[in-house]
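Fit the two chains together into the complex; they arrive one by one in their own frames, and the hints show the way.
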Amino acid sequence: MLFNGVLYVVVGGLLLLSFLKDRKKTKKALKKAYKSLLKNLTMMVTMMAFMGVMLTVVDADLISRIFGEQSGITGILLGLGLGSVSFMPSFIAFPLGASLLDHGAGVPQVAGFIASLMGVGVISYGVESQFFGKKAAFLRNALALIASIVFVIVIGGVQ
Amino acid sequence: MEKLKQYKWLIASLLMILVLLVVNPPQGQAAVKFTFNNLKSVSMVLPPIFILIGLMDVWIPKETMVKFMGHKSGILGATIAIFIGAMGAGPLYVAFPVAALLLKKGARLAYVFLVLGAWTSVKLPIFMFEWASFGPTFTMVHVVSSLTVYIAGSFLLEKLLSDETKSMILERVELQ
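Taken in order, these protein sequences are the chains called A and B. If you count by the numbering used here, then the first sequence holds residues 1 to 159, one letter each, in order. If you count by the numbering used here, then the second sequence holds residues 1 to 176, one letter each, in order.
By construction, these hints were calculated from the structure, which means they are not laboratory data. Be aware that a few hints might be false.
Just the calculated beta-carbon pair ranges, DEER-fashion [unchecked claim]:
| id | chain 1 | residue 1 | chain 2 | residue 2 | range |
| --- | --- | --- | --- | --- | --- |
| 1 | B | Met168 | A | Arg65 | 40 to 48 Å |
| 2 | A | His103 | B | Pro61 | 36 to 44 Å |
| 3 | B | Gln29 | A | Arg65 | 18 to 26 Å |
| 4 | A | Val57 | B | Leu10 | 40 to 48 Å |
| 5 | B | Pro136 | A | Leu17 | 18 to 26 Å |
| 6 | B | Ala132 | A | Gly5 | 34 to 42 Å |
| 7 | A | Glu69 | B | Met140 | 15 to 23 Å |
| 8 | B | Met128 | A | Gly156 | 21 to 29 Å |
Just so you know, even glycine gets a beta-carbon here, dropped at the ideal spot from N, CA and C.
If we strip away everything but chain B, and leave its shape as in the complex, we get (with noise of 0.2 Å):
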């Protein structure tokens, strides 16, 4: 029963595909398709990631983490953040597991969420393709606007969050 509870939302997925496989079988066929290859980018991008962060948990001292982004750390911190973020390989979801060894080894939590945000808005390896489908003044004020937004933001939610749920954070990613 834990096991399925586990597995439930794979489950719901996989049924949702079954169904529109039965109703409407060229859509079906075509989620089926985008999942596979989705699957198929995905993994060509997770192990070098996951091998990364492997690396930096066991080479990367906590001091170290908190010298540099810890809650004395200041604008550098603030600035790796950004940098961090902007190189961020890949969507969203690849940046959760980073953002949770950061956690994990010190890092401020509003440091994080600027982690996440810049991981969203100002992502360097895509930067010329963004420029190149939607023009510079597209570009210039997503990249911009973001960032202002995400750097008063993370503080914001730091500052939401309670301590409570602060070390219950602290307690899932040292389970990761």
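Bound conformation, chain A alone (with noise of 0.2 Å):
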């Protein structure tokens, strides 16, 4: 992936600068890095897990017969709790999501959906509780849920 790449390229030409500053500093930067990507890890992999189990139960058939044109409130409502709890990058919920609109699902349903599977995350709640604590990781998944159904009444405005 290019966006990777650039990540890569911009990432080591900060540490050889740091490196080339102060040895010492960037060695504290690497081992506090270090530190945390371990700490991290075992929430990652359990994330990963759950996420694959959720990616194969909710295949794109399932999630077309849901989301029809004339699926209405019922489909919003099921685009944004699908949404919720699914998790999966961007760049396969996006032709996921375009493929969706193809095969006849209403763009309120698919906005919903797309949008709460980028702000809202079900599965990602225990990472961040153990970041934030319960309650602000609550209160910023509930944001990210009004937003959703925000971008839902708007877009379905414009339409």
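This is the structure in structure tokens:
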């Protein structure tokens, strides 16, 4: 992926710059990076495993049946719900959303699905509350859900 | 026992895959494949992100962060927050350690919420991709409506959290 390449070049350059300026500080930075990576690894692997199950059970066929243009509010609510509990990278989610539209899914339904998919993370809630506590994590997710609902309403009106 | 508790969700998720493998072997195998593929792509993104966080941690003085994203930073702080979120690489969970570092260095909580909000809705690296998949109307409405909600919502969330919760959050990120 192009983006990963850019990321590696930028971070590699910064690392080199840091190393040239101050070896001790750079070593400390790498140590910190290593430590927090290890700390987060278990949660990441767990999330990926949940995600693996999710992606298999929630398949495109099932989704297009649920999100038909006639599905109305029910379809929108299901879209928001499915998006909240599922988890997938945007480079999978976008083509999936586009192909759902091609297969006759309604725009507001897909909008709700995509927006909540990106913003609301029921699966990542565990990781999030480890970082910021349960209350802040819950409120952040609630806000993301509200943002998704607003998006659905606006796109429904524009359509 | 402590160790087991730490790994309870990992064990639960692996059990889910195992059950799926027994009940529906093709689906189970697909789940294993997805898991490995995702791990592979994440293991590509995570090391540079964590190194970047480590570098920022040792090089950016707290005073600088307070000046640019602290309580008195005003519109500049909010703009920087949206910019960081928009540049955000990778899925939401990559944003959590970044957000934790910002908080640790003295960024205002509302701006950190704003970073997370922008991270989930205005992603420059994939902006063109969204445009190509859904068209300009969808993409623009998504970005504008989300940002509006997140700008208002971030300050609201900050108000909703008690001082007690806020200091608990700061204690938590200090441990990261």
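Quick one: are Met168(B) and Arg65(A) within 40 to 48 Å, going by C-beta?
Hint holds: Cβ distance 44 Å, inside 40 to 48 Å.
With respect to the beta-carbon atoms only, verify the hint that Val57(A) and Leu10(B) lie 40 to 48 Å apart.
This hint is violated: roughly 19 Å between Cβ atoms.
Using the beta carbons of Met128(B) and Gly156(A), state whether their distance is inside 21 to 29 Å or not.
holds, 25 Å
Hint check for Leu17(A) and Pro136(B) - Cβ pair distance inside 18 to 26 Å
violated, 39 Å
Assuming the hint says 36 to 44 Å, is it satisfied by the Cβ distance from His103(A) to Pro61(B) or not?
violated, 53 Å
Taking the Cβ atom of Gln29(B) and the Cβ atom of Arg65(A), is their distance within the range 18 to 26 Å?
holds, 24 Å
Given the range 34 to 42 Å, decide if the beta-carbon distance of Ala132(B) to Gly5(A) lies inside it.
violated, 20 Å
Assessment of proposed distance window 15 to 23 Å (beta carbons of Glu69(A), Met140(B))
With Cβ atoms ~22 Å apart, the hint holds.
Checked against the numbered hints given earlier, the structure breaks hints 2, 4, 5, 6 and satisfies all the rest.
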